[in-house]
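S.K.: So the chains spell out like this:
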Amino acid sequence: MTEAIVCKGLSKRYGRLLALDNLDLHVEEKTIFGFLGPNGAGKTSALRILAGLSRATSGKAWVAGEEARLNSSVLQRRLGYLPEDPAFYNWMSANEYLTFVGELFKLPSAELAARRAELLALVDLAGAASRRIGGYSRGMKQRLGIAQALMNRPAVLLLDEPCSALDPIGRLEVLETLVKLKEQKTTVFMSSHILADVERVCDVVAVIDKGKLIVQAGVEELRQRFAHPVFELEFDQPADSAIPLLQKVPGVTRVVTENRAGGVPVLRVHVTDTAKARHGLLHAVETSNLALRRYEIVLPSLEEVFVELVANHKEQSR
Amino acid sequence: MNVFVLFKKEAKEQVKTYRLLIVAAVFLLFGLSTPLLFKFLPEILEMSGEGIPIEIPAFTPSDALKSYVNSLGQIGVLVAVLVAMGAIAQERERGTIIMTLSKPVGFGEFAVAKLAALVVTFLIGVALGALACFYYTTVLLGSVDVQAFLAINLLIALYFVVCLSITLMYSAFFKSQLAAGALALVTLLVMGIVSSIPPLAPYMPSALMGWGQSLAVEGGGSAWPALIISGAIIVAAVLAAWQVLSRKEL
Numbered sequence: 058m059t060e061a062i063v064c065k066g067l068s069k070r071y072g073r074l075l076a077l078d079n080l081d082l083h084v085e086e087k088t089i090f091g092f093l094g095p096n097g098a099g100k101t102s103a104l105r106i107l108a109g110l111s112r113a114t115s116g117k118a119w120v121a122g123e124e125a126r127l128n129s130s131v132l133q134r135r136l137g138y139l140p141e142d143p144a145f146y147n148w149m150s151a152n153e154y155l156t157f158v159g160e161l162f163k164l165p166s167a168e169l170a171a172r173r174a175e176l177l178a179l180v181d182l183a184g185a186a187s188r189r190i191g192g193y194s195r196g197m198k199q200r201l202g203i204a205q206a207l208m209n210r211p212a213v214l215l216l217d218e219p220c221s222a223l224d225p226i227g228r229l230e231v232l233e234t235l236v237k238l239k240e241q242k243t244t245v246f247m248s249s250h251i252l253a254d255v256e257r258v259c260d261v262v263a264v265i266d267k268g269k270l271i272v273q274a275g276v277e278e279l280r281q282r283f284a285h286p287v288f289e290l291e292f293d294q295p296a297d298s299a300i301p302l303l304q305k306v307p308g309v310t311r312v313v314t315e316n317r318a319g320g321v322p323v324l325r326v327h328v329t330d331t332a333k334a335r336h337g338l339l340h341a342v343e344t345s346n347l348a349l350r351r352y353e354i355v356l357p358s359l360e361e362v363f364v365e366l367v368a369n370h371k372e373q374s375r
Numbered sequence: 035m036n037v038f039v040l041f042k043k044e045a046k047e048q049v050k051t052y053r054l055l056i057v058a059a060v061f062l063l064f065g066l067s068t069p070l071l072f073k074f075l076p077e078i079l080e081m082s083g084e085g086i087p088i089e090i091p092a093f094t095p096s097d098a099l100k101s102y103v104n105s106l107g108q109i110g111v112l113v114a115v116l117v118a119m120g121a122i123a124q125e126r127e128r129g130t131i132i133m134t135l136s137k138p139v140g141f142g143e144f145a146v147a148k149l150a151a152l153v154v155t156f157l158i159g160v161a162l163g164a165l166a167c168f169y170y171t172t173v174l175l176g177s178v179d180v181q182a183f184l185a186i187n188l189l190i191a192l193y194f195v196v197c198l199s200i201t202l203m204y205s206a207f208f209k210s211q212l213a214a215g216a217l218a219l220v221t222l223l224v225m226g227i228v229s230s231i232p233p234l235a236p237y238m239p240s241a242l243m244g245w246g247q248s249l250a251v252e253g254g255g256s257a258w259p260a261l262i263i264s265g266a267i268i269v270a271a272v273l274a275a276w277q278v279l280s281r282k283e284l
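Residue numbers (our numbering), protein chains in the order written: chain A, 58 to 375; chain B, 35 to 284.
Fair warning: there could be bad hints in the mix.
Claimed, not checked - Once the Cα atoms are required to be at most 25 Å apart in a straight line, the calculated SDA-like pairs of lysine to any residue come out as:
id, chain 1, residue 1, chain 2, residue 2
1, B, Lys42, A, Glu160
2, B, Lys100, B, Ser230
3, B, Lys50, A, Asp142
4, B, Lys209, A, Asp142
5, B, Lys209, A, Lys237
6, A, Lys267, A, Arg350
7, B, Lys46, A, Met197
8, A, Lys117, A, Thr88
9, A, Lys239, A, Glu86
10, A, Lys117, A, Leu127
11, A, Lys305, A, His285
12, A, Lys163, B, Glu47
13, A, Lys269, A, Glu86
14, A, Lys305, A, Val287
15, A, Lys237, A, Ala185
16, B, Lys50, B, Leu71
17, B, Lys50, A, Ala186
18, A, Lys242, A, Ala171
19, B, Lys282, A, Arg73
20, A, Lys163, B, Val37
21, B, Lys100, B, Ala58
22, A, Lys198, B, Tyr52
23, B, Lys50, A, Ser194
24, A, Lys198, B, Lys100
25, A, Lys371, A, Arg73
26, B, Lys282, A, Asn96
27, A, Lys198, B, Arg128
28, A, Lys163, B, Phe41
29, B, Lys46, A, Ala170
30, B, Lys50, A, Arg188
31, A, Lys117, A, Ala144
32, B, Lys42, A, Ala171
33, B, Lys50, A, Ala185
34, B, Lys46, A, Leu169
35, B, Lys282, A, Arg70
36, B, Lys282, A, Met197
37, B, Lys282, A, Gln373
38, A, Lys239, A, Glu124
39, B, Lys209, A, Gly97
40, A, Lys163, B, Ser280
Simulated from the structure, these hints should not be mistaken for laboratory data.
Here chain B stands alone, though its shape is the one from the complex (with noise of 0.2 Å):
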């Protein structure tokens, strides 16, 4: 098994081509600015507003999470496509990925271990983001239930995992990058639309977001469907990744 070996070539990459400073220095900006817009937002406007007086209600910790929450669900997807469109197509591409299949590595973990390396990457991306939202939200608005947020924080992660693994099934159809990233954004477009379907969408990955909003808000709600058929849909992404690369020539 060579799945270390690559994953750690990957991670290199990640660091090398600079994909983990834009995805930590995105993640890191929504963390930051969601607290501090809504701390200073009141100020701001009654500035603006030239003497006129504006009514704005004291904004609370769970605003600030569940706009937190909002934009990383809009903002990050559409990273992650970018992050990940490349992540295979690219290698067809320049060809270097017949260099690294001519040698004992197997379709399966060239593939798996892609995955991993984009995941690592977001999850510190999303690391670096809760933290500092949980810093300044905690500063500036109010104490966060901690669990709660953990449970937020973990459940965009996964939905981030779900965009990456469909992404880079298309990365392994396509030698164009940009072909990979638009099909991968049409899916993940149609998948949003479905979910605002009411019978189907307490089963889309999207609802994973509602739940952290929901935690954020409330500190309640489920998704359990969605969390599993998440993870079945990143089980068989890879699998489909898997199987383009051993059927199509390289």
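Extracted from the complex, chain A is given alone in its bound form (with noise of 0.2 Å):
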């Protein structure tokens, strides 16, 4: 497999402000890449530079083959850039929009009168294409924000936050729309907070904290590799007074009381050592008297290991 995207120590000096240090990252061609970061991790930054908006401090990158360097025709021509926040010219309708993108990247009208309505299409803006954008809710510009990405049929498309103003239905369409990219070989790089839509479509995921790689794997790897087994235990009552009895037993890191539908809380213990708390946690949970429901070992979520790292991370870096 080729690489869509090389970054060979890429760091980026805002004045006194690291946002990107010496930061590598290689994504393979043809696949759907999650970038994770905190807030203030460095993710827009490097994004930027990739997309030819900004100079890098240090280090170079290449997408799709071609040197990442400001403002570089070549490069842009080769891909699709959405900001996390799309802003666009009010005045002007979807239509309108799509088509000067469509001219920019110097379409034969005929081709880009036919892209423009597949876009259209493809995004569900197709009865609105004629409205002026500014009457268009959040959703609706995130929508059109990609349709414009993919107008020249970029080999690389990079997306910035593209669910963040999405409600699930919206969420679900637009990951379904990334799938279907990724089938046309084309590669998805795109930076999320949304850690369940990263688990949903992601292959491979790098996860960077104040513009550090931490980690890049894929995203069952990442489970394996850093996340701890979890235990399941779902009682038919409240189960306060179980906490403090199972954080006693050896092995066991954390106890996080989640609420779900029904009412019912689970206890979700963190454990090191799957095998040593097994029978500690049933024995505490006889010691609190309470009826317990369900006791299951489950995979941890993208969301706790990217917790997990980035607080290592931090505490390494104190």
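Dock the two chains into a complex; use the hints.
M.R.: This is the structure:
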């Protein structure tokens, strides 16, 4: 497999702030790559450098085989970019905006008209294509943003928080679109805060914090490598009295209460050693005199892996 | 080169956001009102004088043209700054510039297209104002030398292009259009002050307006150094806007 995006020692400094610190990334072609990190981690800075909108302080990057240089038209012909908060000329309609973008890519007029119709249908805006963008909802603007980023059939699609402004149905539609694009051999590089979305569509993720790469791996590999198992315990009644007992069991690192539909709280018990904890937990439940409804070992979510990785990184960098 | 696509979008924006309409209305107003005022001023004064005889010499077409150039030199400059101050600053403030510049669009062509659309807007405004002024001056006050009148309006238009390009340059510097507008006005004011220093006056762009006035009155005069320097300022301002866009974080 060849690489769609490569970053080598990429750094970006804004005055005294180091937004990106020697970032190395390798993104394979035809994958959906999740780029994760807490607020201010440097995700947008990296995306802007890759999109030819910002200059790296040091290091280099390549997108679709072209070096990411500021305002490089060769680079920008090969990629599509959606910023976190896409802004449009409010006086234009979606039709006018996509025509403008198509003309910037020098699409012949017949091809442009066909591509515009195809994209409007893809993002479900065909019915609103003649309305002023100024009257669109945030979700509609986000979908138009995705359409404009796809106008030139880019080899690499760079998306900065593509689902942040969308409702659950809108999110699902966007994620389905991304999967379709992957099938069409487009590489998607997306930053996101919504880890459930990343988990659903991404093949590989990279986690960064304070501009530094913490880890890059496949979603499943990440879970196996970095997450400790979790026991889920569901009781018939509120189980606050069981928490201190569970916390005393050897190998237990933390106990988190989760309120789920139906009103019965679920205790998620994070452990370091499954075998050791298994008997101790059951004994603690017995001692608590609470009626246990469900007892299960579950795979940790990507969110839990992410929280743990970032917390560990913060601790190490102190 | 995408400069024509960008220009087309900018020109459409001038219409859709009513900038062209406002500029045309302001220039048309001055073009219409100046000869009308000169024609009817003696009668207005006579009516308001309640029988007291007021001696006013008869106004000539030159008086009307001189006043027209004067008025445009003040109000037109203000309109130029107000219309151009948001050209790039507003795009940066709203984030639309990111969307456009993530496409194969050069910083230079982005700035050039902006200036070109503003220039066309002002050329239309100046042309409409000039037509109105020419027609009413000829009808109400007497004939006007067509060649001199054309030259006057071209000089006015060139002076406005200087004002527009300076404002565009500041618009590239700042995210706030108010800051861009304020600095452009200060710069034009300083240039105005400098132009009152006799040895420097012939070299400043405002000498173009003086040239226009002398064409209106005497049908002569020249300010070729000011013309060359105005051209140089326009080119330098566009280059500066280009450089700023390529150096500053968007």
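S.K.: Tell me, in ascending order, the numbers of any earlier hints that this structure violates.
M.R.: Hints 5, 6, 16, 24, 31, 36 and 37 are the ones this structure does not satisfy, whereas the remaining hints hold.
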